[in-house]
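Asks: Given next are the chains, with one letter for each unit.
Protein chains: 2
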Amino acid sequence: MSELTESVTRMIKEFEKLPGVGKKSAERIAYYLLKVEKKEALALADAIYGVKENVRYCKHCFNLTEQELCEICRDPNRNQTTLCVVEQPRDLIALEQTGRYNGLYHILLGRIAPLDKIGPDQLTIAALVERIKTGSFTEIVMATNPTIEGDSTALYIIKQLESVPVFPKITRLARGITTGSDLQFANKEMLADALAERQSFR
Amino acid sequence: MSELTESVTRMIKEFEKLPGVGKKSAERIAYYLLKVEKKEALALADAIYGVKENVRYCKHCFNLTEQELCEICRDPNRNQTTLCVVEQPRDLIALEQTGRYNGLYHILLGRIAPLDKIGPDQLTIAALVERIKTGSFTEIVMATNPTIEGDSTALYIIKQLESVPVFPKITRLARGITTGSDLQFANKEMLADALAERQSFR
Chain A
1 MSELTESVTR MIKEFEKLPG VGKKSAERIA YYLLKVEKKE ALALADAIYG
51 VKENVRYCKH CFNLTEQELC EICRDPNRNQ TTLCVVEQPR DLIALEQTGR
101 YNGLYHILLG RIAPLDKIGP DQLTIAALVE RIKTGSFTEI VMATNPTIEG
151 DSTALYIIKQ LESVPVFPKI TRLARGITTG SDLQFANKEM LADALAERQS
201 FR
Chain B
1 MSELTESVTR MIKEFEKLPG VGKKSAERIA YYLLKVEKKE ALALADAIYG
51 VKENVRYCKH CFNLTEQELC EICRDPNRNQ TTLCVVEQPR DLIALEQTGR
101 YNGLYHILLG RIAPLDKIGP DQLTIAALVE RIKTGSFTEI VMATNPTIEG
151 DSTALYIIKQ LESVPVFPKI TRLARGITTG SDLQFANKEM LADALAERQS
201 FR
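Line by line, the protein sequences are chains A and B.
For the first sequence, counting from 1, position 180 maps to 180 in our numbering; every step adds exactly one.
For the second sequence, counting from 1, position 158 maps to 158 in our numbering; every step adds exactly one.
Calculated from the structure, these hints are not laboratory results.
Be aware that a few hints might be false.
In this list, chains with the same sequence are indistinguishable; a pair is considered to hold if it fits within one copy or across any two.
[Said to hold, decoys possible] Okay, derived cross-link-like pairs now, DSBU-like style, lysine-lysine, Cα gap no bigger than 30 Å in a straight line: (1) 59 x 169; (2) 159 x 59; (3) 159 x 35; (4) 117 x 35; (5) 17 x 38; (6) 13 x 169; (7) 159 x 24; (8) 59 x 23.
What you are looking at is a predicted structure, and each value in this text was computed from that prediction instead of being measured.
All chains should be built: construct the whole structure from the sequences, respecting the hints.
Replies: See the structure below:
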């Protein structure tokens with residue numbers, strides 16, 4: 001690849017680091033950026049700068065924000081007594097898109113994953129415990145991912161909350177078969193959950 | 001998506017413009033860039049700046065370069081009497097990777113494509129004709145893509161060369177079946193080319 005200039009080679013290498021971008025895609029993107037107007041290519045570079053300069057974590061809930069508090073924490077119409085604990089900002093977005101939750105959130109910024117060397121200290125669990133201790137939440141919805149790591153993280157957090165004087169109700173998202181799915185394709189765990197948590201027919 | 005900040009939304013939009021990057025991939029890249037160290041994310045932005053600030057087209061052949069002339073044009077060991085005409089810098093790279101060509105190149109920066117509103121004037125054809133007129137090339141290898149547009153572009157160029165006093169030999173890349181392929185999967189055009197241009201068995 002000595003025929004590509006140093007700058008282009010460097011740019012391709014940087015693009016290759018992105019998730020889902022392989023060597024070929026990175027090259028294709030490089031040719032595209034070489035071709036487009038300087039203004040257009042620099043708009044991408046500036047957007048990256050914009051994010052890294054302006055975006056930070058909400059002081060309360062660790063959601064993404066460009067101010068001290070995020071949109072949700074600033075909204076006085078949100079139910080201040082319910083707190084939903086999620087792993088990542090994208091989980092918050094998914095829940096918000098349902099339009100069925102009006103409480104507050106707490107983003108852990110990950111899950112406890114010993115294999116990836118991620119312990120409780122690298123998450124925002126201490127801040128969460130403090131928030132619950134000093135706040136007046138009546139319900140904590142544990143919405144970590146329905147995986148072994150997500151469940152373990154939720155259990156770890158519940159353990160930490162034992163010292164909280166006024167213990168709030170702790171719930172988790174319902175598990176079962178998914179709307180629109182087909183029983184024959186459901187796996188054992190899914191069906192076991194669905195049976196164990198069966199609901200009264202309305 | 002009001003839960004993502006303005007900067008993040010803007011960055012996702014910019015990534016979506018890249019070839020092969022859809023909405024989901026752009027979001028995934030955005031979460032990645034939010035997570036990594038500021039230094040690492042800005043390295044990508046700076047690499048894009050680097051390319052748009054430093055990379056230009058070679059004054060002779062329109063290859064990419066960070067100097068006035070590209071590596072190949074600067075190399076005195078290249079055969080100065082053979083000129084290979086390609087559509088894009090990436091075609092030059094593909095040919096260079098074979099290690100079987102030692103002449104010079106001319107990059108058209110595209111092909112004549114009326115449907116895409118690309119006419120001869122948007123390519124480097126005038127510069128190519130001038131180069132052949134004033135140079136001492138004995139062979140011009142037309143290595144435009146083996147497509148209708150690539151072939152038409154080559155024919156157009158040959159037509160323009162009629163005014164050149166000392167007319168060089170004009171060749172094109174051999175067409176036929178591809179090494180390692182299977183006859184049953186070859187299409188009609190491929191087999192017709194292979195039959196018409198059949199070579200003596202060595």
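Asks: Each hint needs a verdict: does it hold in this structure or not?
Replies: Here is how each hint holds up against the structure:
no.: 1; hint: 59 x 169; result: within (24 Å within a copy, 72 Å between copies)
no.: 2; hint: 159 x 59; result: within (24 Å within a copy, 69 Å between copies)
no.: 3; hint: 159 x 35; result: between (56 Å within a copy, 28 Å between copies)
no.: 4; hint: 117 x 35; result: between (42 Å within a copy, 16 Å between copies)
no.: 5; hint: 17 x 38; result: both (23 Å within a copy, 14 Å between copies)
no.: 6; hint: 13 x 169; result: neither (49 Å within a copy, 40 Å between copies)
no.: 7; hint: 159 x 24; result: neither (48 Å within a copy, 36 Å between copies)
no.: 8; hint: 59 x 23; result: between (39 Å within a copy, 29 Å between copies)
The earlier numbered hints that this structure contradicts are 6, 7.
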